[in-house]
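A.B. asks: Construct all of the structure, not just a fragment, from the sequences and the given hints.
This is what each chain is made of:
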Amino acid sequence: MAFEPVLTNHVGEKLSYTLDFYIAKARGYEGLRKALSQKPNDIIEQVKASGLRGRGGAGFPTGLKWQFVLKDTPKPKYIACNADESEPGTFKDHVLMERNPHLLIEGCAISCYAIGAKVAYIYIRGEFYHVQEILERAIDEAYKAGHLGKNIYGSGFDCDVYMHRGAGAYEAGEETALIESLEGKRAQPRIKPPFPAVAGLYQCPTAVNNVETLCNVPPIVLNGPEWFVGLGPEKNGGPKLYCISGHVKRPGVYEASMHTTLRELIYGDQFAQGMLDGRKFKAIIPGGSSVPILLDQHLDTPASFDHIQKAGSLLGSAGLIVMDDSVCMVWLAMNLLHFYRHESCGKCTPCREGGDWLYKLLMRVEAGEGQMKDIDLLFGVANNIVGKTLCAFGDAAATPVLTTLNLFRHEFEAHIKEGRCTLPAPWRAQHPVMAH
Amino acid sequence: MDYAPARWHRSERKLAEAGEPFAYTPENQAKFDENVKRYPTDQRKSAILYALYLVQQQQGYITGAGMRHVAQQIGCSAADVEDVVSYYTMFYTKPVGKYVLNVCRTLSCALLGAERVTEQLGAKLGIKPGQTTADGVFTLIEVECLGACDRAPVVMVNDDWHERLAPEQCGKFVDEIRAKGRAAFSGCHLHVEKGKAG
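Protein chains in written order, with our numbering: chain A, 2 to 437; chain B, 345 to 542.
Do not rely on the hints blindly, as some may be mistaken.
To be verified - Taking CB as the label site, the calculated pair distances span: (1) Gln-274/A <-> Glu-371/B: 45 to 53 Å; (2) Gln-373/B <-> Arg-138/A: 36 to 44 Å; (3) Gln-403/B <-> Gly-157/A: 45 to 53 Å; (4) Asn-502/B <-> Lys-145/A: 27 to 35 Å; (5) Ser-430/B <-> His-432/A: 28 to 36 Å; (6) Lys-381/B <-> Ser-38/A: 28 to 36 Å; (7) Gln-403/B <-> Gly-381/A: 29 to 37 Å; (8) Gln-416/B <-> Lys-119/A: 43 to 51 Å; (9) Gln-274/A <-> Gln-475/B: 50 to 58 Å.
Calculated from the structure, these hints are not laboratory results. Yeah, the Cβ is synthetic: ideal placement off N, Cα and C, and Gly gets one too.
C.D. replies: Right, here's the structure in full:
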């Protein structure tokens, strides 16, 4: 049975971001109407039964997250939508918000109804200025047509959705850091517990969900949880967006079921159509830059949360970065550590200082000035970051170093022995600019 | 190689320049008053990023006077505002050029030549990343992942995007910006509606 896209079915069509289009072609706001005719708890039960897992990276069951939101409290509750899409290699939420913003708005409204919130904040990254214009316009349209605001469809349910613009911080994608940033502070993670479900935004119960997760809610309400479960392997139901980038012929966002294997995603005609310039495949990062690398022998793994985990990596945000045989793995680790070193929020010492030292060590090895003992030093520094920080950022920062060392140790050794980079690809800088 | 040159020392704290006296224009004041309504009345600080964007739009970068003005608007201390300004990368505390070229340097863009894009743009403009041209038209900055990896290499110019900028096109790209302004940018590919988007 051919897979029919659910979330991105119309994204290539003209004016797909308008309310008229959404109502006419995509059964727009029918899910919200249906949800409002049921009890909030029924919606949570349906989402639980669907097995919907968070699409932001951790893959935590969404229904469970909502159930944890404190019920008996006089405080207001909030939905915070995580649209701070900054994981290198990930651009799915970008497409959803730009071409299908009403689906997200409907998802926010249904989620608010389910957990008993009246306000949803969509925290969007500052760089997505063109997306913000579209999203603001869509929210205005929804208010004018009565899909948001007071007493929606005469049900007595009030819901406000607001956009909140970030200002360039990868760390704001972490849920407690996102809440801090929403409160007008530095985006730095909080100590957990208490979890946001108990004390989140303004110390009120809050559910933080990814854009793609919330976009899956209206179809679940409309089509039922069984339909959703049937779309994918066990415990990995529903449609999934894959972002494929790097050395492939046709990079882009592709929607597929989680039965689809990595090989199909890279070589399939309807997907990325194979390696660029007919070059040889070397490695793939399957879930955004924070996850371990997979090799050729893993390509027949279905790209689901559980299968990828079994293969030794994580599906994460499903940002697939494909690399051909011109990529130097020391350079790759150095490039990613430049990112993590820059984006570390600085709250926990192992991550702030460790990331910096890892980058310096990698720069030394890449320049051919390393020594054999630097390899042990890299292991030592990386292992002293893992598990020693408040949020997952520390682990993410150490991962590129550990995974390249484990799989490509010989490349590190060759750099040190030959005193130069052994794979100086033509697409790299002729005169590398050093740290600044 | 020098193991710990001074430029790696990250604890240098530079105060933002005090700048000219600053206050919002009436339009910006109205925008701020509207935006702050999105948050509970006792949580005005949530609007701080928006307030700072307004300062930056109005005077190009954020000065000490701008931060004090925001502190007054929000009802917090100026130190709280500086705390936020110094954290987020999209706020400038020094004057920048009319066009700020933000070249994405993270993995997916780098795999398709982003390092060389920076190199070529720098050579064309005669500046290094982080600098502004003498005529104050261009600033070149290297930034981390912009979230459009399928259209690498990506350059964000102020609030506009230019995608698939090959290193060889960089010289022409700069000339076109000088000649045509914003019309030189490709924008985000999703704006272009043709057939099924990939």
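A.B. asks: Next, verify each hint and record whether it holds.
C.D. replies: So, going through the hints one by one against the coordinates:
Separation of Gln-274/A from Glu-371/B is about 49 Å and conforms to the stated range, judged on CB atoms against 45 to 53 Å. For Gln-373/B and Arg-138/A, the Cβ-Cβ distance of about 23 Å falls outside the hinted range of 36 to 44 Å, so the restraint is violated. Roughly 47 Å separates the CB atoms of Gln-403/B and Gly-157/A, a value that falls within the hinted 45 to 53 Å. Roughly 30 Å separates the CB atoms of Asn-502/B and Lys-145/A, a value that falls within the hinted 27 to 35 Å.
Here the CB-CB span from Ser-430/B to His-432/A is close to 31 Å, well matched to the stated 28 to 36 Å. Under the hint 28 to 36 Å, the C-beta atoms of Lys-381/B and Ser-38/A, about 31 Å apart, fit the expected range. Here the CB-CB span from Gln-403/B to Gly-381/A is close to 48 Å, at odds with the stated 29 to 37 Å. Between Gln-416/B and Lys-119/A, the C-beta spacing of about 30 Å breaks the proposed range 43 to 51 Å.
The supplied range of 50 to 58 Å is broken by Gln-274/A and Gln-475/B, whose beta-carbon atoms lie about 40 Å from each other.
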